[in-house]
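The residues making up each chain are set out below.
2 protein chains.
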Amino acid sequence: MKESMIEFMKVREKLDKEKEFHMESLFKLIRQPSISAQNRGVLECADLLVTMMKDAGIDTKILDTEGYPVVYGEVLHPDNKLTVLFYGHYDVQPPEPLELWKSDPFEPTIHDGKIYGRGTGDNKGQLIAHVLAVKSLLDLYGKLPINVKFLFEGEEEKGSINLAPFIENHKELLAADIAYTADGPMEGKDQPSVTLGNRGLLYIELKAQGAIKDNHSGNKGNIAPNPAMDLINLIRTMVDDKGRVLIKDFYNDILTPTEEELNHIRTLPFDPEATAQVIGMHKMDIPAEEYYKKLCLSPTFNIAGFGSGYTGEGTKTIIPSEAKVKIDMRLAADQDPDLIFQNILEHVEHFNSASTITLDYLGGVKPSRTPMHLDIVQKVIRAVEISHNKLPVVLPALGGTGPMYVFTDILKIPSLTVPYANVDEDNHAPNENIGIKEYLNGIQTTCVAILHLGEQI
Amino acid sequence: MKESMIEFMKVREKLDKEKEFHMESLFKLIRQPSISAQNRGVLECADLLVTMMKDAGIDTKILDTEGYPVVYGEVLHPDNKLTVLFYGHYDVQPPEPLELWKSDPFEPTIHDGKIYGRGTGDNKGQLIAHVLAVKSLLDLYGKLPINVKFLFEGEEEKGSINLAPFIENHKELLAADIAYTADGPMEGKDQPSVTLGNRGLLYIELKAQGAIKDNHSGNKGNIAPNPAMDLINLIRTMVDDKGRVLIKDFYNDILTPTEEELNHIRTLPFDPEATAQVIGMHKMDIPAEEYYKKLCLSPTFNIAGFGSGYTGEGTKTIIPSEAKVKIDMRLAADQDPDLIFQNILEHVEHFNSASTITLDYLGGVKPSRTPMHLDIVQKVIRAVEISHNKLPVVLPALGGTGPMYVFTDILKIPSLTVPYANVDEDNHAPNENIGIKEYLNGIQTTCVAILHLGEQI
Chain A
136 MKESMIEFMK VREKLDKEKE FHMESLFKLI RQPSISAQNR GVLECADLLV
186 TMMKDAGIDT KILDTEGYPV VYGEVLHPDN KLTVLFYGHY DVQPPEPLEL
236 WKSDPFEPTI HDGKIYGRGT GDNKGQLIAH VLAVKSLLDL YGKLPINVKF
286 LFEGEEEKGS INLAPFIENH KELLAADIAY TADGPMEGKD QPSVTLGNRG
336 LLYIELKAQG AIKDNHSGNK GNIAPNPAMD LINLIRTMVD DKGRVLIKDF
386 YNDILTPTEE ELNHIRTLPF DPEATAQVIG MHKMDIPAEE YYKKLCLSPT
436 FNIAGFGSGY TGEGTKTIIP SEAKVKIDMR LAADQDPDLI FQNILEHVEH
486 FNSASTITLD YLGGVKPSRT PMHLDIVQKV IRAVEISHNK LPVVLPALGG
536 TGPMYVFTDI LKIPSLTVPY ANVDEDNHAP NENIGIKEYL NGIQTTCVAI
586 LHLGEQI
Chain B
136 MKESMIEFMK VREKLDKEKE FHMESLFKLI RQPSISAQNR GVLECADLLV
186 TMMKDAGIDT KILDTEGYPV VYGEVLHPDN KLTVLFYGHY DVQPPEPLEL
236 WKSDPFEPTI HDGKIYGRGT GDNKGQLIAH VLAVKSLLDL YGKLPINVKF
286 LFEGEEEKGS INLAPFIENH KELLAADIAY TADGPMEGKD QPSVTLGNRG
336 LLYIELKAQG AIKDNHSGNK GNIAPNPAMD LINLIRTMVD DKGRVLIKDF
386 YNDILTPTEE ELNHIRTLPF DPEATAQVIG MHKMDIPAEE YYKKLCLSPT
436 FNIAGFGSGY TGEGTKTIIP SEAKVKIDMR LAADQDPDLI FQNILEHVEH
486 FNSASTITLD YLGGVKPSRT PMHLDIVQKV IRAVEISHNK LPVVLPALGG
536 TGPMYVFTDI LKIPSLTVPY ANVDEDNHAP NENIGIKEYL NGIQTTCVAI
586 LHLGEQI
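So the protein lines, in turn, are chains A and B. Numbering-wise (this note's numbering), the first sequence opens with residue 136 and increments by one. Numbering-wise (this note's numbering), the second sequence opens with residue 136 and increments by one.
Don't take every hint at face value.
Pairs involving identical chains hold if they fit within one copy or between any two copies, as the list cannot separate such chains.
Calculated cross-link-like contacts (lysine-lysine; reagent style DSS-like; alpha-carbon spacing at most 30 Å) [as the list claims (entries may be wrong)]:
hint, residue 1, residue 2
1, Lys342, Lys429
2, Lys342, Lys451
3, Lys163, Lys348
4, Lys324, Lys348
5, Lys451, Lys149
Hints in this document: simulated from the structure, not taken from any laboratory. Values in this document were obtained by computation on a predicted structure and should not be read as measured data.
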């Protein structure tokens, strides 16, 4: 233990000396726009990243996909050691609305201890942290105690549309013991966190077509079909009034939480008042356990939009000709969006109504969950604790959706996410930023994780 | 009989000469928007109507109400003769959605033998027909054989909210033997009709407020309330999946149809194919008796609009902060809208949901029904037959709503409706129209009715 503390001090000293370089490296990356949704600068950014990774001593190449390329790198140990696969993305969100930025989104600007710029938090700052950590360790030791691989994609902000087939086609190259992602914000100010999965997503739209035009609700009332009512009648066959989904086999594949997971959830920090305020509710009455079960371990059946007929001021007495509802379901591990979609399709086909109902598939992502008790997972959690000198909050899954299933489902390896960005990083929004302290801590955390997995710390 | 045929020919000849003027009169009225729900142009339209009625030789004045004024006119016979009270409304529905109109809704446009424009059918074309008929008869004879009175309101499309108190306060002025309304479409192509009542109306809006802002459906899914789902859950307690209303006492006051009425209904013409086409449905499977029972003698529970969250293209992953639904119920005689509203209020107050639900009363009109066997009713039916040279279809009640209860309930006189507009007038919808032939026939029918009630034809 004493020896490992000495190693840790050595690493801190080294990183301290390279602060300027670490800042400048991120600045360089931010100055190169890479907006996948707008096809702006993405390939140039891939080239820049390759150069920076090669400069760091990483064996790097560009690998094609059907869309923007993957930047792949590796530093392999001569012996057959443990392998960590670092995942990140070098594309960024569009910067619009530009008028809300306090500085140029592509000219990194320091203000109040934070670096502002598009991509600082999501995901360039967190991605380059891994690269710079490896560079520093190679400088310090001449080698790494484990194998590291880097998978940096250029289409995450477009929904990682080509990631799954790429991974299918490169299983051997990407073989690893764990996937490690730094993305998203930490759980609170100075509160490190580790998440072991994500909910999946199935997004559908149901449309009901009644008569081919709106009809007078008096002259045709009780005669023309009402598509809004038909959709409501369909929805009442899909979900009961307690929110329980009635689609065949919907709950079949959901992992039952282990006693250990439930015990763990009960220990998680939960401030109902602060949470209610963030959401915009008057109050929140549920206990921590129920909160985390609902958010991390249970699926949703959410109406994201419902539109039919006249919704302006006052009255309009019509029978609308059509109605549509958008429903997004967050899926708990191991629900399968394709299977559920098929069952919904069947359900809708068996539903009788005067209106003609159509079902559209608007998107699907599988959920992902990695068991908490795995040794390698516990090791990373410990490394985060060492680097921050504070116990991280460990969440079984994020409420939101990410592409982590590509690791757990396709590569069949554990996957975890260690956010390096501050809680107010404003990703996807104007004035995106990363705290300088958080950014530098991120580099240190990757160093500690590599050394701890390599049993050097 | 021969003499009356000569009179009829005289009238036809006179009307034939004035076609151009009759068209131009309607055009003038259409060009003046009068959208009571949007407070647009209503007073200007009242002024225009007064001028046109005075020009027609009618003693006309504006009478105030708590809302938009009544335009009242009269042509009284020196002797104490029978009095007909013509009712109509000079306000129109909002023209939206504008993009579906093939021509400017407020610039009357002739196409395929029809005049297109907001209000052509509902109700400016049918209202001005009475005025122009009286003008022609006065031109022709210098006087009328009976008393006529005109009651034209400006708030029918808002539910005639100030009509009942107005009539309460002007019982003497409005005293008459029968109320005569031309509104709504005829029963079929070239098929005149007379209706002896109307369904009533109760129009409500339910709003559900969840969090004070939209939330991310992943990070907050299952935690923030979903107001759209809460409204759907409320609606499922208000109406079952067969359309039967579950509000307390909803069906209690409905008149049981007499054997005579049911026998009459069975003789009514019904062309399911043509009806389906008018409505814009592929087919219609119900028999005549059921059709008329549903349309004339039964209430509705219609969703006129439902709005919540994102309804544009593609996906947006939000939990909406609010939802609203507009529901209009057509009421069968003798349902009471006020009583039903009270019961809905109680129902909503007893409904539990995470969202805050509010109920707004947007309008209510009592239903009305006049017995078919009355002499004066039979006389008007005969006048319609003479004008069209065809037996009219006589309906016990219209599916739609008019304020006819003010005549039957407050003035205690029989009330009937003789629609002048074509069956495909598309009232309340884009491309509202009135057939030129139907419009001119309408003017003729008012002439014949006045002469027949005055025993001149």
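Hint-by-hint comparison with the structure:
1. Lys342 - Lys429: both (29 Å within a copy, 26 Å between copies)
2. Lys342 - Lys451: both (21 Å within a copy, 16 Å between copies)
3. Lys163 - Lys348: So Lys163 and Lys348 pass the 30 Å test across copies only (28 Å; inside, 47 Å).
4. Lys324 - Lys348: between (52 Å within a copy, 19 Å between copies)
5. Lys451 - Lys149: So Lys451 and Lys149 fail the 30 Å test inside a copy (64 Å) and across (39 Å) alike.
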